[in-house]
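Colleague: Each residue of the sequence shown is one higher than the one before, counting from 1 in our numbering.
Don't read these hints as lab results, they were simulated from the structure.
Even glycine gets a Cβ: it sits at the ideal position worked out from N, Cα and C.
Fair warning: there could be bad hints in the mix.
Cβ-Cβ distance ranges computed for the label pairs, FRET-style [what the hints assert, rightly or not]:
(1) K313 with K32: 35 to 41 Å
(2) W221 with K48: 25 to 31 Å
(3) K224 with N311: 43 to 49 Å
(4) E90 with N126: 24 to 30 Å
Computed cross-link-like contacts, EDC-like style, restricted to lysine to aspartate or glutamate with a CA-CA straight-line distance of at most 16 Å [said to hold, decoys possible]:
(5) K313 with D336
(6) K203 with E117
(7) K129 with E117
(8) K305 with D335
(9) K37 with D176
(10) K249 with E331
(11) K313 with E273
(12) K313 with D335
(13) K81 with E117
(14) K43 with E20
(15) K129 with D176
(16) K27 with D214
(17) K270 with E280
(18) K82 with E117
(19) K286 with E273
(20) K203 with D336
(21) K48 with D19
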Amino acid sequence: MSFLMGINSSFPRNKVTQDEILKLSKKIFSRKRDFEKMLPVYKNSGVKSRFLVNNLNWYGNLHSWEERNYLFKKNSLLLLKKCVRKTLQESNLKPSEIGGIVTVNTTGISTPTIDVELINYFNFKNNTKRLPIFGFGCAGGVLGFSRAIEMHKTINKPILVCNYELCSLTFRPQIDSNANIVSTALFGDGAVSYIIHNHGPCKFIKSMDYTWKDTLEIMGWEVKDDGLSVVFDKSIPSFITNELAVVVKQFSSQKYDGYILHSGGMKIIKAYEKIFKDHETIGFAKQILSNYGNVSSVSVLLVLKELLERNYKGIFLMSALGPGFSAGLVEVEIDDY
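Can you make the complete structure from the sequences, with help from the hints?
Modeller: The following block contains the structure:
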């Protein structure tokens, strides 16, 4: 059996409110004639605050992809050092005991990948297995969990999992598309780490990956000269409402005690509420969205962390969706193991 333990998070120093973001956005997008029509996006986003790697003024200026990616690598490593250190301490594990590292992100690139930086910094063993994952997007919190479980079943040694997303570094102020404006209303930065091994408060039961065919255009990145440009189709909430319930039914007939869901935005959460009958635990996704914004693959893990800290017990469905268009589903049992 495989269990999750030692989950920890870390965030940049710059905490900003939605009012501050709106003030900056009005300045940046003043040239867009119909920007006033987009103002409800900020009010209805469900986000009250979030953490960013740079001060607000930085986001009003143009930056090269080289600069963005330099800041991505630098800040990702700073955040991961903090939470991995806490994860190892709380799990009572020495670096030499770690058998594998799974790293998950979609908001920046580095080669060698950041797991090698962690091997050097924490002095993990030379033969530590590595699985760097890029491109799962918001689904990476669940799909990364599943990949770590598979690695653990293979080597039966502690697996360190790191999700790190610096969404704000992809913002391009010269682009006044609706998708870019929506991203300013939603996204934040942060990191999470945890251990998969043979004990812990959260037991893995089963998982499923699901990809809908011919849905490439719904979500993803377009690569531009100055960086990554976000792709969001307005059909995402209705797609989730219409399609996810069918997949969940295929996955399990279990009556769940609660739901651990990606806090992707209020429209996404409302779609979840329709599917899962407005279950009280969906409120935790709203809480994480309010406090941190959408932190891509990190968000659903923050929801899990919140449930663990509040000592919830029972069998839960964990779910997130991302580019593909794809869904990750994991069934877990939370108890005092």
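Colleague: Starting from the hint list further up, note which numbers the structure goes against and sort them upward.
Modeller: Hint check: 1, 6, 11, 15, 16 fail, others pass.
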